[in-house]
Structure formats: structure tokens, C-alpha cells
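S.K.: Residues per chain are reported as follows:
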Amino acid sequence: MNTEQQNTAAGPELVVGVSPHIHSGASVERIMLDVVIALLPAVAAALYFFGLNAARLIVTCVATCLATEWICRRLMGRNNTLGDFSALVTGLLLALNLPPGLPTWMAIAGGVFAIAVAKQVFGGLGYNPFNPALAARAFLLISFTGPMTTWSASCIDATSTATPLGMVKEAFKAGAPAPFAMDGGLTLDFLLGNMNGCIGETSAIALLIGALYLLYRRVITWHIPVAFIGTVAIYAAILHAVNPAASMPVHFHLLTGGLMLGACFMATDMVTTPTTARGRLIFGVGCGLLTMVLRTVKTGAYPEGVSFAILIMNAFTPLINRATRHRIFGAAEAAKREARK
Amino acid sequence: MKVSPAPFLFRGGIHPPDSKTATAALPLKDLPLPARLEVSTSQHLGAPAAPCVAVGDRVTAGQLIAKASGFISANVHAPAAGTIAAIREAPTPTGRTATAIIIETDADAPAGEPPYKPIPDWREQEPRSLLDRVAEAGIVGMGGAGFPTHVKLSPPGDKPIDTVILNGAECEPFLNSDNRLLIERAAQVLEGCQIIRHILGAATLCVAIEDNKREAAAALFAAMKATPGDNQIHILKTRYPQGSEKQQIYSVTGRTVPMGGLPMDVGCVVENVATAYAVWDAVVNGRPLTARAITVTGDAVNTPTNWFAPVGTSFADLVAASGGARDNLAKLIAGGPMMGFALPSLEVAMSKTSSGLLLFPRECVRPYRSMACINCGRCVEACPLGLMPNELSQAAEADDIDEAENRHVMDCFECGACAYVCPARRPLVQHMRRAKAVITQRRRAAAQQKKT
Numbered sequence: 000m001n002t003e004q005q006n007t008a009a010g011p012e013l014v015v016g017v018s019p020h021i022h023s024g025a026s027v028e029r030i031m032l033d034v035v036i037a038l039l040p041a042v043a044a045a046l047y048f049f050g051l052n053a054a055r056l057i058v059t060c061v062a063t064c065l066a067t068e069w070i071c072r073r074l075m076g077r078n079n080t081l082g083d084f085s086a087l088v089t090g091l092l093l094a095l096n097l098p099p100g101l102p103t104w105m106a107i108a109g110g111v112f113a114i115a116v117a118k119q120v121f122g123g124l125g126y127n128p129f130n131p132a133l134a135a136r137a138f139l140l141i142s143f144t145g146p147m148t149t150w151s152a153s154c155i156d157a158t159s160t161a162t163p164l165g166m167v168k169e170a171f172k173a174g175a176p177a178p179f180a181m182d183g184g185l186t187l188d189f190l191l192g193n194m195n196g197c198i199g200e201t202s203a204i205a206l207l208i209g210a211l212y213l214l215y216r217r218v219i220t221w222h223i224p225v226a227f228i229g230t231v232a233i234y235a236a237i238l239h240a241v242n243p244a245a246s247m248p249v250h251f252h253l254l255t256g257g258l259m260l261g262a263c264f265m266a267t268d269m270v271t272t273p274t275t276a277r278g279r280l281i282f283g284v285g286c287g288l289l290t291m292v293l294r295t296v297k298t299g300a301y302p303e304g305v306s307f308a309i310l311i312m313n314a315f316t317p318l319i320n321r322a323t324r325h326r327i328f329g330a331a332e333a334a335k336r337e338a339r340k
Numbered sequence: 000m001k002v003s004p005a006p007f008l009f010r011g012g013i014h015p016p017d018s019k020t021a022t023a024a025l026p027l028k029d030l031p032l033p034a035r036l037e038v039s040t041s042q043h044l045g046a047p048a049a050p051c052v053a054v055g056d057r058v059t060a061g062q063l064i065a066k067a068s069g070f071i072s073a074n075v076h077a078p079a080a081g082t083i084a085a086i087r088e089a090p091t092p093t094g095r096t097a098t099a100i101i102i103e104t105d106a107d108a109p110a111g112e113p114p115y116k117p118i119p120d121w122r123e124q125e126p127r128s129l130l131d132r133v134a135e136a137g138i139v140g141m142g143g144a145g146f147p148t149h150v151k152l153s154p155p156g157d158k159p160i161d162t163v164i165l166n167g168a169e170c171e172p173f174l175n176s177d178n179r180l181l182i183e184r185a186a187q188v189l190e191g192c193q194i195i196r197h198i199l200g201a202a203t204l205c206v207a208i209e210d211n212k213r214e215a216a217a218a219l220f221a222a223m224k225a226t227p228g229d230n231q232i233h234i235l236k237t238r239y240p241q242g243s244e245k246q247q248i249y250s251v252t253g254r255t256v257p258m259g260g261l262p263m264d265v266g267c268v269v270e271n272v273a274t275a276y277a278v279w280d281a282v283v284n285g286r287p288l289t290a291r292a293i294t295v296t297g298d299a300v301n302t303p304t305n306w307f308a309p310v311g312t313s314f315a316d317l318v319a320a321s322g323g324a325r326d327n328l329a330k331l332i333a334g335g336p337m338m339g340f341a342l343p344s345l346e347v348a349m350s351k352t353s354s355g356l357l358l359f360p361r362e363c364v365r366p367y368r369s370m371a372c373i374n375c376g377r378c379v380e381a382c383p384l385g386l387m388p389n390e391l392s393q394a395a396e397a398d399d400i401d402e403a404e405n406r407h408v409m410d411c412f413e414c415g416a417c418a419y420v421c422p423a424r425r426p427l428v429q430h431m432r433r434a435k436a437v438i439t440q441r442r443r444a445a446a447q448q449k450k451t
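Residue numbers (numbering that gives the first Met the number 0), protein chains in the order written: chain A, 0 to 340; chain B, 0 to 451.
It is worth saying that the hints were derived from the structure and are not from the lab. Note that the structure is a prediction, hence the values are computed from the model and not measured. Among the hints, erroneous ones may be present.
Estimated spans, in silico, between C-beta atoms of each pair [as the list claims (entries may be wrong)]: (1) A:Trp69 / B:Asn405: 37 to 45 Å; (2) A:Arg216 / B:Pro4: 24 to 32 Å; (3) B:Arg325 / A:Tyr126: 55 to 63 Å.
Within a straight-line C-alpha distance of at most 30 Å, the following computed BS3-like cross-link-like pairs (lysine-lysine) qualify [to be verified]: (4) A:Lys340 / B:Lys158; (5) B:Lys1 / B:Lys224; (6) B:Lys116 / A:Lys335; (7) A:Lys340 / B:Lys19; (8) B:Lys224 / B:Lys28; (9) B:Lys116 / B:Lys236; (10) B:Lys236 / B:Lys450; (11) B:Lys66 / B:Lys116; (12) B:Lys224 / B:Lys236; (13) B:Lys236 / A:Lys340; (14) B:Lys449 / A:Lys335.
Glycine is no exception: its CB is placed at the ideal position from the N, C-alpha and C atoms.
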């Protein structure tokens, strides 16, 4: 009898492992891929409205993020994580958060910062406390304030080189009336994305289509976007009701700045946001409040509020998680029983 | 009699594909008597039974071969007539080893009288005598844990039981053993439930069954018409783990078992379908628990079958009777896919708690890499207990066992819902088990220290 036969007689090699022995099939790769798919309408809008500049920034940021991820993992002696697509998502999100005219080398600096400093320093995907793309945007904004707030007149709105939020803030600061009226035509332009702004934030409609896809795929839940956007709407409605002359109507605040991109894609980044439904509602409300405070406080120099609002709330995520743990099945009943004793 | 959707629904849970169609319509088949049975003395929770036969002894079918040793233990009987060939250590389907009594069976032995006196007039009997019968017959919870049934049916005087729940959820994918028992022997199962109700002096019998088992529900409905007393059928939404005792009590009655407590704390006793059938058989026919229904299925077995097989049948015999395993067999699971045990070999014998044997092909056992938690919260959503599996797993990983204990890891009953949904494929159940094992060990050591 040779050994090979003996092996057959002993039966097949069986795999042992801890239960459960079946799996839903969900994977981090698929989640990240879904985010990429959901961003495609926004990418298309960016290319349509900002043309070659958008293409240049997207290619630069994605390539930089992928390369930085690969190099960091190698330097740290860790496994290659390009396959989880998280660096691809970060690259895309970063590009969509940049103004069209930003020099290429600054975009590269942003990509390196996002992956190396905001993500891999902490240990990589899952360990980063702040959204890497937003952290990089904040880094660029502080380091290169000029280029990060220059809105080229090459955009369709040739009359002004500021964003709508910027124009409004300047006007109200100077005590002037609103610089434009939110009539039907302008609202439609804003909805489609025909205005100054970061290349991926202007088209509310494209972003909402992507968000619906993420909801359908159950990558995100409704809690954060609804709480975030809802809070902004209520806050803006109250301001407008109290002082219509020195404030903008609700739909202006919903359609401008990074609100849709932030609420649907950045504030829903699972790594840096709370895990429970209640926690997500708190997170969303917090983002909404901070956004409106930053946007409307007249002493503030900066007209946008979304990125910093999300970053600040990212810092509160561990605290919110702690405060919103689920009620454990039978815990209240056990406490009652203890009390009776 | 009342038929209604279950009025409540526990939080969390998952919807795995039920994978039951391969065997759902197959009637239970009696397994031809194997030449050899390996009957373990530890088929239940608690102390193993003590063998009361010696090698070389002739035994008759149903003869007591190992006696319960202590209150939380259970008798073990010979499933068939034969000769004791050996008494030795053998692996159990739950991955432990225990003393087993090996019987060379005698297929020609006459059937003989049942070992215990049948009590067809159980309604006229004292509950005490019926309870003794349940204990004599070695009946244990056949849904998985194997808790001795006579202990469950002896609640202390200050815990009156008003509701008996028949757990017909069978929420584990692939399994049909309970389902078939209900379809084919609903009247017997229901009579078993009534015996249990009689023993406990409970007023209400609730049958809980998932809404994907229409045939079984119809059989129950027909059988229940002839059943006196307050009887209810509750149709549960199909959702894993509806079959978990505490979740089911909540779904059916809205009562919440206190953390660390037992069903009797809220006046309930939950019994599994196979257990109720065994109670009927023991009381009405005088037969001890020596055989059960078991589903053999999966894509790596040639002929998926629902067997009614003697306890102690080796899984190798069971698979051979089911047309044999296919070449692509890669994983063997005793029990269901969510909470069952992966076995290293077919040379393990089935026990009183073996409801299924799954043979998974290589395609279903692909290797995977587990990643860092991405905080997606799906496990938090899935946990039927409201635990935070993400935090518990991270605490266990960091060896912060105290933190895991403070966050109630000991309440986890390892249903696996968290690991099923985890996109990072984290070994969450493994982490829970490790933390629980360390804590149990610590508590034992602390108790020991107190004594000395």
C-alpha cells in the first residue's frame, strides 16, 4: 500500500473553524466599490461643468492616493491594501472637494497628506479618527488658503469669481442686501450644479442620485444625511423667518457649498461616524448645526461650513458611540429585579 | 384555539437564505440499524452519565447503560440490542471528548417490550410521576444545548409557569428535522406538549412557528383542533434567531427575560419540537430517548435525506446511507450553519442534540482574510441582545477582558448574526468565545479561592 492510497483512505481534508459557517457575502471591497459607483454621477457633473480641470484633479488625486497607500504599506511592512479600494475612494472624494483651478502639485500634496498622515499613521483603514479626504482638504485650506478659495471665472458664472456662499457672506457682512434672488432659474442652475464651487460639490442632483444608490445598496443609512440636511433646513428656515432681509431662503442653503457632498458622502463615512442609529442622528444634527453656525456667523472669515463641521463631529464620534449604546436585552428587567431584592 | 401572527418582534437579527428546499419535502426515513453504535455518556449539559454496564454485557433495546450522575445530568440507554464492545473516550459532535459506550448491534434481536410502563392515561396521573418518567427516559433539550428536560420541568415553587412555548422556529438554515417531525407527527408532538403543560400546571400552550413552514403550520392546526385547553399558534416572522429561547419568548408573549435570568423568571418554559416528541414517546409508549430526526444535507452529499436515526450512529454511517459524500467535501458541520460545530472527521457519533449534519463543498469554504473593523455598525444592528459586537471584539483582541466583561460579553449566546453580516470578516464569535472562556476561568478560580 503506498502513502497516496493511505491518504485517500483517511478521507478528505476537512476545514474546521468557528461558527457561523455561512456569510452574507458583504465585503469592505464591495462597500468601497459601491461608494465609487455612487460618485460616478458627481464625477460626470464635474467633468461636464469643469472640463479638463476636473479630469486633471481626479486623475492626480486618485493616482497620488493609490501610490501613497502602496508606499506606506510597504514602508510599514504591512500587507498591500490597494485591493480594498478605500484609497481609491479617498482619492475621488478629495478631488471632488477641490476648486477647479488648484495647481496639480497642491493636489498631490493633499493626496499624500490624506493617505499618509490622516490614514496610515493611525494604522490604516478602520483606525483613522478623521475622514482622510476632509482632513486633507482642511490641510490644503490652511496651507494654501488663496488657491483653495480662488474660483476661476472660467466657470459658467462669469460675473463673479466667488462661490454663492462667499458672495452672500460678503454682502451680509457689509450690511448690503442679498446679492441675488433665489428665483426659479437660479434654483435650477444650483440644482444642476451650474455655479462656482469645488468640482464635485456643485451638482446637488448628481449627488442625490449617488446617495439613493448607497441607500438602496444599504451602504449607508438615512440617519446622517436626513439629520444633517434637515437640521440645516430648519436652522435656515428659522433665520429667514426672523430676519428675511439679512438671510437666505432654505433652498439656497441646501443647494450651495458642500452640503450635499458632505451629508451624503463625507458624513456617512462609516469609519469616522457613529455606529448606532441614535448616534448617527446626533452626529447629523451636530453637523447641521455647526455648518449653519460657520456659514452665518458674520464675524467668521470663511463662508463654507460643511468640511469643518464634519471634522469636528468626527472627533466626537467615540463619545457619541459611548453615549448611544443599545439597551441590552433584559438589562432593565434585571435592574428592576435587583432593586426589588 | 387561536392562530395569529406573533404580536411582538425582537430587535436585530438577520435573514440568511434558508437553504431548506433540498430536504423540506422529504419524509423522515428510518435508518437501517448500523452494525456499531457509539453512545456517548455526555450528550447533555452537566455531569456525564456513569456507565452501568461492562464490556461483554448483552443489552436489550432501551436498556439503561449509563446513569445520570447528579441532578443536572441525564440517563443514557441502549438504542438497540447488542453487545458492549468497548467503553472508551470518543469525540463528541461539540468538539469535546467523553466516555462512550460502544455497542455491536444485534439486528436479529426480537423487538421486546418497552423498558418502561406506557402511561397512555397520563391525564389521570400526578405530575410528579410523569416528571420521573421524563428523567428516567434521559430526555434532554434536543434543540442544541442538551439541557436535561426534567430539570427544566422542575422550577422552584416561587416561579410558577403559566405558558409553555413549543419552539417550532427551526431558524437555522438547511435544517428540516423539526419541520418534518411537525408535518408527519404533529399530533404526537402536541400530546408531548400537553404532557409538559400537565407537569408544569401551566394554563397556556403557545406553538411558535416561522412563516416559511406552511405545511407544518397546517399539520399543527389540524392536530390542535383535537387538543383541549388554551392553545395558541403564533406565526413568527422568518428571522434568525427566532428559535433562540429568550427572543422567542419576547416575540410570543412580549415578556423580557432579565439579563442573566431564565425563562421561568417570566413564567415560561420553551421546549423544542423533538424534545416534545421524545416526551410523548417516553410517557405514552414507555420508550427512552434513543433516536431522533436528523437532516443530512449540503451540496457535498449525494442524496440529502431526513433520517430518523438511533443516537450513537456514526456520521460516517449516516453519510454512507445518504449516498456518500462527494469528492468536493470540504467542511462537515454538526448542527446548523450558524451555530453548528465543524468536525475534523466523519468518525464522530450523533447525539441526542444532533439535528443536522451538513456537508459543504469546497466552493462554500473559500479562504478569506479578516480586516480591521471599519465601524460600519452592521453587527450592532444585527445583535439580538443589543450588545456592541464591534467593541467587544476589539476589547477581546486587545486582551482587555475586563472591558469585555463590563460590556456584557457573558450574555452573548454566540448566535453568529454579527459575524454573518461583518464585511471585514472579523472572527467576532471567536473573540466572544475567547473572552467568555477567560472570564469563566477567572470566576471559577475566584470561587475556588473563596472556598479555601
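S.K.: Indicate, hint by hint, whether the structure satisfies it.
M.R.: Hints versus structure:
Restraint check, tryptophan 69 (chain A) to asparagine 405 (chain B): a C-beta distance of roughly 40 Å satisfies the suggested window 37 to 45 Å. Between arginine 216 (chain A) and proline 4 (chain B) the C-beta distance comes to about 30 Å, which sits within the given range of 24 to 32 Å. One distance hint, 55 to 63 Å for the beta-carbon pair arginine 325 (chain B) and tyrosine 126 (chain A), is violated here, with the actual separation near 43 Å. For the given pair, lysine 340 (chain A) sits about 15 Å from lysine 158 (chain B) by alpha-carbon distance, which is consistent with the 30 Å threshold.
Between lysine 1 (chain B) and lysine 224 (chain B) the alpha-carbon distance is near 10 Å, which keeps this suggested pair within the 30 Å criterion. Only pairs whose Cα atoms come within 30 Å are accepted, and lysine 116 (chain B) paired with lysine 335 (chain A) is rejected, the gap being roughly 46 Å. The suggested pairing of lysine 340 (chain A) with lysine 19 (chain B) is violated, with an alpha-carbon distance near 47 Å, which exceeds 30 Å. Proximity of lysine 224 (chain B) to lysine 28 (chain B) is assessed by CA-CA distance (about 27 Å); at most 30 Å being required, the pair is judged to hold.
Taking the CA atoms of lysine 116 (chain B) and lysine 236 (chain B), the gap is about 41 Å. The hint is violated against a cut of 30 Å. Simply put, lysine 236 (chain B) and lysine 450 (chain B) have alpha-carbon atoms about 48 Å apart, too far for the 30 Å limit, and the pair is violated. Pair hint lysine 66 (chain B) plus lysine 116 (chain B) holds up; C-alpha atoms about 19 Å apart against a cutoff of 30 Å. Using a Cα cut-off of 30 Å, the hinted pair lysine 224 (chain B) and lysine 236 (chain B) holds, with the two alpha carbons roughly 23 Å apart.
The straight-line distance between the Cα atoms of lysine 236 (chain B) and lysine 340 (chain A) is roughly 37 Å, outside the 30 Å bound, and the hint therefore fails. Restraint check: the Cα-Cα separation between lysine 449 (chain B) and lysine 335 (chain A) comes to about 28 Å, which is no more than 30 Å; the hinted pair holds.
Hint violations for this structure: numbers 3, 6, 7, 9, 10, 13, all remaining hints satisfied.
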